[in-house]
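Novice: Residues per chain, in single letters:
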Amino acid sequence: AQSVTQPDIHITVSEGASLELRCNYSYGATPYLFWYVQSPGQGLQLLLKYFSGDTLVQGIKGFEAEFKRSQSSFNLRKPSVHWSDAAEYFCAVAKRTGGGNKLTFGTGTQLKVEL
Amino acid sequence: EAGVAQSPRYKIIEKRQSVAFWCNPISGHATLYWYQQILGQGPKLLIQFQNNGVVDDSQLPKDRFSAERLKGVDSTLKIQPAKLEDSAVYLCASSTTTGTYNEQFFGPGTRLTVL
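Line by line, the protein sequences give chains A and B.
Going by our numbering, 434 is the number at position 29 of the first sequence; the sequence numbering is gapless.
Going by our numbering, 117 is the number at position 104 of the second sequence; the sequence numbering is gapless.
Please keep in mind that the hints were generated in silico from the structure rather than gathered at the bench.
Hints should not be assumed to be uniformly reliable.
Quick list of in silico lysine to any residue cross-link-like pairs, SDA-like style, CA-CA up to 20 Å [said to hold, decoys possible]: (1) 507/A to 118/B; (2) 507/A to 74/B; (3) 500/A to 71/B; (4) 24/B to 89/B; (5) 507/A to 85/B; (6) 507/A to 39/B; (7) 473/A to 457/A; (8) 24/B to 445/A; (9) 466/A to 447/A; (10) 507/A to 24/B; (11) 507/A to 68/B; (12) 500/A to 43/B; (13) 517/A to 482/A; (14) 507/A to 127/B.
Make a model of the complete structure from these sequences and hints.
Specialist: Take a look at the structure:
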């Protein structure tokens, strides 16, 4: 069965500093991997996704993630964090199902940005 | 384009009462998902519909939870009777069924508190 581990429950960074959020996955085949962001009281918004090809993927809001098969990782990065990036971030792996995808999420990383 | 709509946004009930949540997906999206997000955890898929048929309900507690998707559009999720551990945010998402990956678009969720 697929699973996702996000080892960091909380992370605090200063505004302008770089950010890396860790994600490790377990999946038997080539994974579909995703990062979502959730602001308080909001639904989940897709930041970026990886299916195949280039292992470095670019997303919205200046985020990027790198797929490393040898490490079963898909870490999220941003070179310079803005105060508005404070939110909860979820990594997810998808399994194709009839007409859609079954997403399995990690437990999330809460990001706090210090001004 | 209108997003996924959910109502109510908040609900407080006592244990053993019943409750229902409503979801209106993005127009034209054939696939609809219900997730349960307990505080401190990532969303967990409860049920997936394609049109008005169930694709996956393996994680739906069928002794108390039920869901239906009338005419393949709107959906309702019901809990009867509710337990304390049902306190969570219930997220609805929808997607198309064509293409390599069918991005799931999430609604704002319904926050349920069971006292």
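Novice: The structure should be examined with respect to each hint, and the outcome stated for every one.
Specialist: Structure-based check of all given hints:
With a C-alpha separation of about 13 Å, the suggested pairing of residue 507/A with residue 118/B holds against the 20 Å cut-off. Simply put, residue 507/A and residue 74/B have alpha-carbon atoms about 17 Å apart, close enough for the 20 Å limit, and the pair holds. Between residue 500/A and residue 71/B, the direct Cα distance comes to roughly 14 Å. Compliance with the 20 Å bound is thereby established for this hinted pair. The hinted pair formed by residue 24/B and residue 89/B meets the criterion: a straight-line CA distance of about 15 Å does not exceed 20 Å.
Restraint check for residue 507/A and residue 85/B: the C-alpha separation of about 19 Å stays at or below 20 Å, so the hint holds. The straight-line distance between the Cα atoms of residue 507/A and residue 39/B is roughly 18 Å, inside the 20 Å bound, and the hint therefore holds. Between the alpha carbons of residue 473/A and residue 457/A the distance comes to roughly 12 Å, so the proposed pair stays at or under 20 Å and holds. For the hint linking residue 24/B to residue 445/A, the alpha-carbon distance of about 17 Å falls within 20 Å, and the restraint holds.
Pair hint residue 466/A plus residue 447/A holds up; C-alpha atoms about 17 Å apart against a cutoff of 20 Å. For the hint linking residue 507/A to residue 24/B, the alpha-carbon distance of about 27 Å lies beyond 20 Å, and the restraint is violated. A distance of roughly 10 Å separates the Cα atoms of residue 507/A and residue 68/B; the hinted pair therefore holds under the 20 Å criterion. For the hint pairing residue 500/A with residue 43/B, the CA-to-CA distance comes to about 18 Å; that is within 20 Å, so the pair holds.
With a C-alpha separation of about 15 Å, the suggested pair residue 517/A and residue 482/A falls inside the 20 Å cut-off, and the hint holds. Among the hinted pairs, residue 507/A with residue 127/B is inconsistent with the structure: their alpha-carbon atoms are about 28 Å apart, more than 20 Å.
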